[in-house]
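*Asks:* Protein chains in written order, with the numbering used here: chain A, 514 to 852; chain B, 514 to 852.
Derived by calculation from the structure, the hints in this document are not laboratory data. C-beta: ideal position from N, C-alpha, C; glycine also. Check before you lean on any hint, since a few could be wrong.
Unchecked claim - With a straight-line cut-off of 20 Å between C-alpha atoms, the simulated SDA-like cross-links for lysine to any residue are:
#, chain 1, residue 1, chain 2, residue 2
1, A, Lys692, A, Tyr532
2, B, Lys661, A, Lys817
3, B, Lys734, A, Trp816
4, A, Lys817, A, Gly775
5, A, Lys712, A, Leu675
6, B, Lys734, A, Asp769
7, A, Lys712, B, Asp565
8, A, Lys661, B, Lys661
9, B, Lys661, A, Phe663
10, A, Lys692, B, Asn517
11, A, Lys522, B, Glu613
12, A, Lys734, A, Gly767
13, B, Lys734, B, Glu765
14, B, Lys522, A, Glu613
15, B, Lys661, B, Glu835
16, B, Lys739, B, Gln564
17, B, Lys522, A, Gly767
18, A, Lys712, A, Pro830
19, A, Lys739, A, Lys692
20, B, Lys739, B, Leu762
21, B, Lys522, A, Lys712
22, B, Lys522, A, Arg594
23, B, Lys692, A, Trp816
24, B, Lys739, B, Glu526
25, B, Lys785, B, Lys692
Claimed, not checked - Here are some, though not all, of the chain A residues that point toward chain B, as calculated from beta-carbon distances under 7 Å:
#, residue
26, Gly521
27, Ile525
28, Gly563
29, Gln604
Number of protein chains: 2
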Amino acid sequence: MDNNRMRGKQSIELDRGVYIMSSASVTGKKEGEGPLGDKFDIVCDDPMLGQDSWELAESTMQKKAAQTALEKAGLSASQLRYIFAGDLLGQLIATSFGLETLDVPLFGLFGACSTCGESLALGAMTICGGYADYVMSLTSSHFGSAEKQFRFPLEYGNQRPLSATWTVTGSGAFILSGKRGKVRISGITTGKIVDYGVKDSLNMGAAMAPAACQAITQNFKDFDRKPQDYDRIFTGDLGYVGQQILWDLVSEQGYDIRKNHGDCGIEIYDQKTQDTHAGGSGCGCSAVTLSSYILPLLEQGTWKRVLFVPTGALLSPTSFNEGQSVPGIAHGIVLEHCR
Amino acid sequence: MDNNRMRGKQSIELDRGVYIMSSASVTGKKEGEGPLGDKFDIVCDDPMLGQDSWELAESTMQKKAAQTALEKAGLSASQLRYIFAGDLLGQLIATSFGLETLDVPLFGLFGACSTCGESLALGAMTICGGYADYVMSLTSSHFGSAEKQFRFPLEYGNQRPLSATWTVTGSGAFILSGKRGKVRISGITTGKIVDYGVKDSLNMGAAMAPAACQAITQNFKDFDRKPQDYDRIFTGDLGYVGQQILWDLVSEQGYDIRKNHGDCGIEIYDQKTQDTHAGGSGCGCSAVTLSSYILPLLEQGTWKRVLFVPTGALLSPTSFNEGQSVPGIAHGIVLEHCR
């Protein structure tokens, strides 16, 4: 094909400009009290967002994120050609009930907490391919709905090991288009499932680190880059435990990312005061951190190029109870400042 | 953009050839005893496929479908650039554990039983956009894993109303490429979430029919076609109840599709002898029917143009128990015979 956009084994290069026109971050109260608190667009003090269930609360957060991103871009929902969206809940119910009133063609996605990367990748490919003028990429997670589904009902008051991460209550929305903006998506490295046999659902950083290592090092190879070619490399939600493992694994591959690696799960909470143990996690974690913290610094030009790598742990309550391992997946998105 | 591929409000036209190189259908015993039984590539007599759980049985079926499609195309897994795949289970565990050994970059998808259409759409957009030489689109469902998750454990032996459909045990895999073949994907109409407020999880045909109507009639408008411009229009799994509703809804829009409409859920079982009530359903239903029945007739030229519209009911056990409605979604794929 003459419009070959493949790069190396696992990456693509977006030769036509794909820009992040606007973004929005909506979070819960705990996230609002964290280090990024004053950067979020909306902080919801009521964890139920006025709804009767955690699931509908999460749907409501998605709606707010979508509306805010649309307002910032000066667009109406009818101008969006597609939404690429997902969440952590079985059958993506936060998304189905959150986005139905927007009345926009929908591609439902699931990549666990890596879904923010998956949605940006497919959204960018859609714009670059001439399939749409505007698309929205959106993800969410909610502490209440996720704990209820994956672990224990909140009322049970179980203890959490120090390796556990805290599911971020948050939703991030991004509007992509071909119209020149300040931040461009220039490349994508789509992840494979990587399974090191970790079986501890309360240590997801360890389960996801090998997939993050695979995506990051393959990105270096495919684009012929070194770690220092990126001002920052942000993983999604490895947390403190997963970060150490990632550094070790990447180092075994001959790269050192300790100087420029950050993790959205580490950025979003203050470990000392917020009792969130290993850090934040969830589909919303990387999404709201990208929107509130990473994108503004790219827009300003403080950073010129960032590798954003949301990470996902592919487990379900059923697979966990049946003794299966927790495979990981991670999707890399190359973001560049545009003058 | 100069490579504008948008068509009408909700569709795209694939101006570069995207072909279905090969496909595979793997089913359970009951499907093998149905009208399409002798057309499937593999019929598995053991519903557990030698595994210890329904979920791993479904994963094993996915592996068999993927391997068979690869063999037919004369490809190895390492030649696939992406897999677009999904299933009905929470957090797509049939897919995660079914495809991890293939070691191929994965986009996990969820559109309930419409996922076969979603995976073909994104796979075709990826080939047409020059992002890959070969991709695989794959979906599955399994009666045992689906009943356990959505309704009652099989051991409970509950009665099923006549409006209920029977989840197909099956997995269909499709390899897409730009290399000229006998069947081409020429257009895509991506569906919106349509919610008529149906709350009966044992009447999913009624829940999905409005979404099917929206996608089908929008496809007519976007491509400026009449129903008779298609030799056949196949919905995914509306069954007998949903088919009647679809005909009525489409007729209200001024179109008559009764002469050329078929439904994969109706084709796959013999209603008189197989006790499957309203018909078949599930991610695997439309996939194995496309592979075994629809594609061969397109390849032979018996049909020149088919509109394939997998339909999905967006519910989860949680949303159902919380009293939510069952919204529907449907994705239209235009398939054409190539001389």
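*Asks:* Hint by hint, which ones does this structure get wrong, listed from lowest number up?
*Replies:* Structure breaks hints 2, 3, 6, 16, 17, 19, 21, 23, 25, 26, 28.
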